[in-house]
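Peer 1: In order, the protein sequences belong to chains S and Z.
If you read the first sequence in our numbering, its first letter stands for residue 1, the second for the next number, and so on.
If you read the second sequence in our numbering, its first letter stands for residue 365, the second for the next number, and so on.
In case anyone wonders, no lab produced these hints; they're calculated from the structure.
Misleading hints may appear alongside valid ones.
[Unchecked claim] No farther apart than 20 Å at their CA atoms in a straight line, the calculated lysine-lysine pairs in the PhoX-like style are these:
(1) S:103 x S:119
(2) Z:562 x S:106
(3) S:127 x S:106
(4) S:325 x S:347
(5) S:300 x S:273
(6) S:255 x S:361
(7) S:335 x S:325
(8) S:100 x S:127
(9) S:107 x S:72
(10) S:100 x Z:485
(11) Z:569 x S:72
(12) S:274 x S:300
(13) S:72 x S:53
(14) Z:562 x S:103
(15) S:102 x Z:480
[Said to hold, decoys possible] Under 7 Å between C-beta atoms, here's a sample of chain S residues computed to sit facing chain Z:
(16) 76
(17) 80
(18) 86
(19) 172
(20) 329
Even glycine gets a Cβ: it sits at the ideal position worked out from N, Cα and C.
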Amino acid sequence: MEVVMRDVVKRFGNFKAVDNLNLTIKDGEFMALLGPSGCGKTTTLLILAGLYKPDSGEILFDDKIVNDVLPKDRNIGMCFQSYALYPHMTVEENIAFPLKLKKLPKKEIEKKVNEIASKFHIEHLLKRFPGQISGGQQQRVALARALVKEPNLLLLDEPLSNLDAGLRISMRAEIRRLQKELGITTVFVTHDQAEAMSMSDRIAVMNKGKLQDIGTPEDLYMRPKNKFIAGFIGNPPMNFLEVGYVLNGDEIMLKGENFELSLPREISMNFMKKQNNERVILGIRPEHLSIGIEAPNTIKGEIFVVEHLGRDKLVDVKVGNDRIKVLTGQNFEGKMGDIVNVHLDLKNIHLFDADDGNSMKWAG
Amino acid sequence: MTVREVMQMINAKTSLSRIAIYLLLIILSLPIVFGYLWLFSGSISEEVEFGIVPKSITLKNWRFLWSEITIGTKVFENIWPITLNSILLAGSITLLEVLISLLAGYALSRMNFPGKDFILKTTIILHAFPGVALLIALYYVLNYIGMIDKITGVVLVKVALELPMATWMIKGFFDEIPWEIEWAAYMDGCSRLQAWYKVILPQIKPGIAAVAIFAFLAGWSEFIYSYTFLFSSENYTLAVFLKNLIGDFRFLDYGLLAAAGLFYMIPVIAFFLISQKSLVTIKFGGIKG
């Protein structure tokens, strides 16, 4: 089922929780709504569910406006962060509940419940109550209950955030695989960019009620449209340094407190031009930095701390009042307090407007 | 002084103060215990000594259960139809109060409508209002709508006056149910009414039990309205019957009074024994934003 949101606005008093949202979710697509808490992503999900009514705008399911269709008639499966299992019913009754409300014959209900229970490996739990099973098992039951009625749309509200780290990673893959198997259109709300990156076909990034950008995980990672997306997606996050901008013919000079970088023509032509002496923000990811010998176009700094990540080391380097993170190999030997030269992979730098945070890269 | 001696002294001190506390509590509760003991001894004996020691055990005082009783020249009604009236009164009050408070409590907890805050505040004021002050006005109203001398009339009055408290109590229980559970019910295909009774009500069973118990006890011990609004003897309730037993001081039969009083208390005691657990879980929820 294709889902379209058109100019959707939702206010709570004077607070605009969702601000003029336009979003199209293709049939069978796995879409993540990603953003920090309070960005309006859960509100958006509840609007799709029909639990909140938008103040203006339209919601379309397969070209039909469903603004006034009650949640019970939307045929949506939903899995909540707290799982919201009914504590007074057994696991079996929980899963059978949506089918009972549809008044399916008893035999058929039994068959469907058993089918989905075996798919989620919870057959042995059917007679227990939600309070008697673990969090991971509760989550499987909640998913089974959401999917047993074969919904047209699956909504997941931070379904993994209450699981421990190991289980979370294995559930990521399982949900992803199941979604592709069933081909069910899915909207997934999360504040964890790694979750969104690893599971979704496309990600809609939201902040303060506004849609920031929408694209494939790779798109958003490689070509962030603004500073917010650049800082939110990717772990460890992108480094930002405020610098002065000087145009010198075709070359761009970036002047920091105690360093100067000059961008050759083939790099500088990727960016929109600015007035001389304006402030811009230089962004670069830790994996595009390295530590080496003194040379032009490097930044001198002092090692603040070295973090061991297992496969790599993450080096915090103090540059003036800023700190930047550099991802280095396991064999890096630097110690706290060492003076080092940080090399930048200039092909992978980003420049953002210091005022509105928009990327200065030419689109396309 | 060794550490051990100090510890012993502290222990002695705490157990001494504990004894003092228990003593105080026992003295404070003595009058109540004494009253019940008198009631019990009096009901099974011809005479009591020292106020509470039964002498010459008899079942004579319980004769109202199987025969007509007369005190002086007055013949009293059979107790069983009166008991039935009391059960009917308390039962109807319980049923109505539970049903209405469950609907009203849900609305006050879950829905937003103009005047909600006003209703929440005024219901409490209404409860603080002394019922006796309304006696004459209520008489007029009941008379006007033809409900005087009818048990239904007393039921309506009692339910109206008890409802605010019951609604507040049950609202607190609804407040505790997370929205997500209710939402899940809607997503699974419930209408609002279905979500209410299939998913939410089963989870506030302790609250329903508590309201039901309070309503039943209030109905069972209801006296002033029954006494004022019911005058045909076939509509009497146990409380009125008991009052009539004391009616004439010249021929007062204390043994009979004690037995009838005990009889009146039996359902209350039974109820408390059964429902202790639910009563303990009651708490009053505040207003959630």
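Peer 1: A separate judgement is required for each hint: does it hold in the structure or not?
Peer 2: Evaluated hints:
no. : hint          : result
1   : S:103 x S:119 : 23 Å, violated
2   : Z:562 x S:106 : 18 Å, holds
3   : S:127 x S:106 : 17 Å, holds
4   : S:325 x S:347 : 18 Å, holds
5   : S:300 x S:273 : 27 Å, violated
6   : S:255 x S:361 : 19 Å, holds
7   : S:335 x S:325 : 14 Å, holds
8   : S:100 x S:127 : 17 Å, holds
9   : S:107 x S:72  : 23 Å, violated
10  : S:100 x Z:485 : 41 Å, violated
11  : Z:569 x S:72  : 25 Å, violated
12  : S:274 x S:300 : 26 Å, violated
13  : S:72 x S:53   : 14 Å, holds
14  : Z:562 x S:103 : 15 Å, holds
15  : S:102 x Z:480 : 35 Å, violated
16  : 76            : 6 Å, holds
17  : 80            : 4 Å, holds
18  : 86            : 6 Å, holds
19  : 172           : 22 Å, violated
20  : 329           : 46 Å, violated
Figure legend: structure checked against the earlier numbered hints; hints not met, in rising order: 1, 5, 9, 10, 11, 12, 15, 19, 20.
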